[in-house]
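S.K.: Residue numbers (my numbering), protein chains in the order written: chain A, 88 to 233; chain B, 74 to 722.
One-sided and incomplete, this derived list gives chain A residues near chain B with beta-carbon spacing under 7 Å:
#	residue
1	Arg93
2	Leu100
3	Ser123
Short derived list, chain B residues pointing at chain A, Cβ under 7 Å:
#	residue
4	Val102
5	Ala104
6	Pro117
7	Tyr257
8	Ser260
9	Leu261
10	Leu264
11	Ser442
12	Trp444
13	Phe445
For the record, the hints were derived by calculation from the structure and aren't laboratory data.
For each residue, glycine too, the CB sits at the ideal point set by N, CA and C.
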Amino acid sequence: MNANDRKHRIASLERRLAVMTHWGLAGSFGMAFLLSGFNASDWTCGLLGYALLIGGFVGHVLINHFFDSDFNAGEVALGLILFGLFALVFVATALLTPQYSRVNLGLGITGFSVMALVLALYLIIRYGTRGTWNMVHSLWYRKAGK
Amino acid sequence: MSQVLIWLLALLALYCAYCVLWGVSSARVQAGPADFLLASRRLPSWVFGLFATGATFGAWSLLGFPSLVMRDGLQFGQLALLAVTVPLTGVLFFKRQWLLGKRHGYVTPGEMLSDYYGGDALRIMVIGIALFGALPYAGLQLAAGGSLVQWVSGGAIPAHLAMWVLTLVLMLYLCIGGLRAAAYVGSLQGLLLCSGLLALGFVALWHLGAEQGFDALMQALAKLGAGPVGPWGSSAQNYNAYLASPGVMQFTSGLGKEAPVAGIWTAAMVLSTCFAFMGIQASPAFSMLAFSCRDAHGFGPQQVWVSGAGMGVLLVFFAVLAGLGADFLGATAVLNAAGLSLARVLPELAPGQEGQLYAQYLLTLAAQSPWFTALLTVCALAAIHAMVALLVTTTGTIIVRDVMLRYMTPIADAAQQKFYARCAIAALLGCALLLATFAPNAQVQLGALALGLSVQLWPALAGVCWIPWITREGAGVGLVAGAFVVLITEPLGATICQFLGFDLPWGRWPWTIHSAGWGIVVNIVFCVVVSWISNYKNDRAHRQAFHRFFAATVAMPLRQRFLRPVAWSLTLVWFFFAVGPGAILGNDLLGAPNGGIAAWVGGIPSLWLWQMIWWALGVMVLWLLAYPMRMASPPGPEQMDLIQQQAPG
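Next comes chain B alone, as it looks inside the complex (with noise of 0.2 Å):
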């Protein structure tokens, strides 16, 4: 048994008892199914801050985003920016829904949004898009972390056995503890995850050649964009496509029709894939997760510090140099061939086998520290965890109210919702095990469509938390309207209708714009366009109680309002530059890609540079709108107290 498998099992083992201990422990305080189900509205905003983090990012950041930048460079970089785009969500709609939380009591997304719209249309689409999150979604992300144990000890455990292992162990404690132990074991699981992108990082740096590391890596990211090699040949700027931005757009069928020229991350594309990973904070996990907050005092840091800011330095510079790193460490054959490696230290990773890269990176230290080897698995594996945790306690919970106590069983007793719950729970995580093991193409085509489904929510969420003017009819269907873009823009789409006996003329992500950047546009077109057609008196005027609520509790003061349209204007801006079509900008202005490092502002590659500029500008405009325009500031105690009057018990 070599040493990192013997590592690799002992500290699973820690891990998992860990995750056992806090199960039982969090069941030793449950007082009800409120507790099992919420955490009784008391989870602490640190507890928050960590968890939301953790289940943001999750393993994406640690096993796809360098493995992406090694394969498409500094064009797949600016999604960094994510860092910023994600917590806008965030930053829009966690304090308002939680404010109706707690005047409401709502436990739901779905009775959140059947109360203000009235009607069970849009509680059952919320139901489809928690699914979509909880069964395949989920399942991708299990089968990648069974994957990564097989990667790292060797083939000694196999993918399917990690995986059933450490699902059943995350079952375990779901189902004892329910959402406080998935945010309790999730604040551990938030900050292995961080550390291990850093760790990430700096392994890279260490083979780059230590103190040396980053210049060797410059210099050789300019003996690279001096000529066309690489996986993506030149950009129309006659530029290294591997260290710029292949435009605006590109009017192309799609994938699996007409390939893109010089990479597929054109700027339409970077700003599309930003409005589908902003569905995270929008799907229904999240606003459970910011139904069960005790104060609003953990959204505003979450958002502007923890993401913005910490998760942000830690994708722009250490997982963009871990992915840089990658290739000249030996991973990309191409660049072995030209004779631009500095070190062999990776294996060559053929096309498809690039989600190998972190555990490649890890195996890198097995032989002096195989502890290190261990303990960073077990990081991807809590950044998993942290992630299928929240979606499947939530989902689970969604069953019950929404669906047993709704249709089947209104009068549960509190015993019984517990059960349900927990069943639930253990249903979903089965499912998606047996997807995982047994139909891994289907899970793929019904995963890929998650983020983009659940982006779709951003109008109805923004009917309830500020635009009283949208209709149940407008964000019902633009709902349907977004969601039917998304799966025909999407491979799911190409299969049912080629089941149907027709081809559809466009492939995956047609003009280079992701299927969520579909979707959203149709389904704000459709929106407004019913609501307008459908804005009936009667249903105004029940929705801007709503919003007369937020008018007495968080709005702005007059004397501040002046702010509005700066911040608006800014938040504007910064979407035009950093991920929108300005960002192409990025290209060349700090220094020409094939100028070499003397051309080069700070002797880093204009593109990269260009992103740590507005990563840093997108931090300040998240704080601006989080704090002066009070969007996820706490409520002083004059509002408080009026919450307080009007909450329900």
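Just chain A, with the same shape it has in the complex (with noise of 0.2 Å):
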């Protein structure tokens, strides 16, 4: 490894380093606030669960703005996998659960919706309208292998 890779791989380490940082501070306690929110079915609680995790998204775009870098792929992927799971968890629970908690419902919808929309929001400043639209466009062709 000569010097100008171990540079590069320190500074990558760097970013990495601070990702999870501030992931596993924001991550942690907006989890937490978020499940005692719902266990407790109290919007306070779990509104300042998805405030901490909306928080932990917005960090993130700060760190990549600070270390002049991008989502990389495996982020990208963790975050869709992870939104992807508790939206499946929490439909599932709202289904199966006899006499679920209209707190909870409202919880839940106003809580995905607000980080769907925080993405949606993230993307069009970041790449604009008709940029997001291409990426989306291309994407779906791309699997379906257009």
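Combine the two chains into a complex, taking the hints into account.
M.R.: The following block contains the structure:
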């Protein structure tokens, strides 16, 4: 490993450290508040959890800006998988639990909508409306093998 | 298996995986012993800021501070101002040590002191001080972590098992990744410590009654202040000693011989304890952390904003709130019996059990939010690991550089140096564990010396960084005399004397002055007198070369030098009123403690408000010293060029 390679690897490592440190805090406390919110059907706790998760996302964007980089493929994949998984768990719980709490239902719908909105907003601010559309469109084409 | 236990095991597993991941990631970019021992002097400033904060305040601020506020009240709360005094050491010494590290390539403070003063005596003393920090003091922290897991798990995980497993994880990532891994993991640990303190305050507030909780607490304090109920009775001014300082100084023989009246936390005790804690950042571990920084951009923000302002707000408001709140939430039998408690959320903690307060607070969340109980436990364990990781990795490096390379195997190659460092880290942690498991009493006695001994390095560091007048003989004799006085004003000194067949006429901390206070006074006296006697011209010329380098690179411009007397006068005034004798004015200047809420300015007990005001002023003093006085601000581009030109390699 020559000096330049090493410098580059350390810079990349430091970015990863910043991301993981940041999510280590925002993610853990965000999830804990979210769980408390759903467990106690408490709007305040639940919304605080979402706020922390969204704060985590905003912080991640700032870290990207600071390190002059973008979300890498692994981060995008992990984010989408976790978002999908949580959405699936929420829908399944809401459907399968008799007399599911209306507060929890509201919390889930509000939270997931806000998170999706924040993601869309980020994409539009970062890539513009046309750019975002083209990106989604090309992804869809690539997946469909067209 | 309880829900808390399941969550605790899951989160501990995640935390351990995170630690090992960064150990391995750090090892992958290692390119020689310099990387393992000192992160190649390339630690980014934000990592330094978070790691230094976690390692400075450690678990003591989470596990110890609120417990002692609960036991001793606002007279102990005065020590929240440690958030200002502790980083003051960093403001004074970090930047200049970092500069010398860049210029001369020092890896350990022993090398720096030895090069500056000449001779090996100070190097050997540094090794001794580092060992006191890494063995008994680190062992105390690890034992506290084990006990915390035992209490939170309801005894399902024995303390020793938790301590051994968590220490093995610590050993694993430190042996793999060295100081870089310690610092990388330390950045999250620093954040978790701050979050833990914040959460603790909110938990207390929530139990006290959410939005009205603070008002309820103030009313309860007003009721308490009306009479002498409490562990310490009334002070000389006839105030409840829970809400007032017990005087400037009490001429008692010391703990174990004569108990002070109305509490131990006199102004002299608070000031000398502040000196003891200022030893943390004067310790060899922090000198090495300063050497390992890429640039000086992190020093000012860490000292002024993260430590002074951030940790200050957490200690002065949240930790004190948690401690005071616990008294009225059922933790204090005397107040329960007097009918002063607001709720019985916490179990009564008998004298000696105060250390369980954090765990008991967490257990109040167990039924509704077991994940929070587990998460906040991990916060405390992370804070413990941050401090231990720094102490152990740097002491390992000191052993390699100042013992192995200096005296035993001077021609050790890169691989051997790394191997020795790994062995040293493993051996230190192993010894700390054995001490904590099999000789806890000896560990407590030895650990009590660590802070007092570290602060004895102050005059030697002041010589290197600021005062060329201090000689090798002065620094060395002062350090030995100070360390001796620390020893004989702590229980270990009394034990040694008993072993030798005589009794000391004083106990621990006579005249309500902490051993570190006695030590530093004697140290300074000896240092000044011996330096005056031994100020040879040729030695002075050698030392002066270092100070010419400072003058060329980081000295204040002439047009700003008028700030010096202003800044130092303000610093002395701050010390006098915030943590010195003037602090007793805070007893009733802003409302007599027995006057009730109507008499208190802002509806807050006078002493607490006094602490808040002086904390805010303290942050301003820190800022003045760090930035306008340029003691912690980064050098400009021209100065950096000069430093680069003079740097080796």
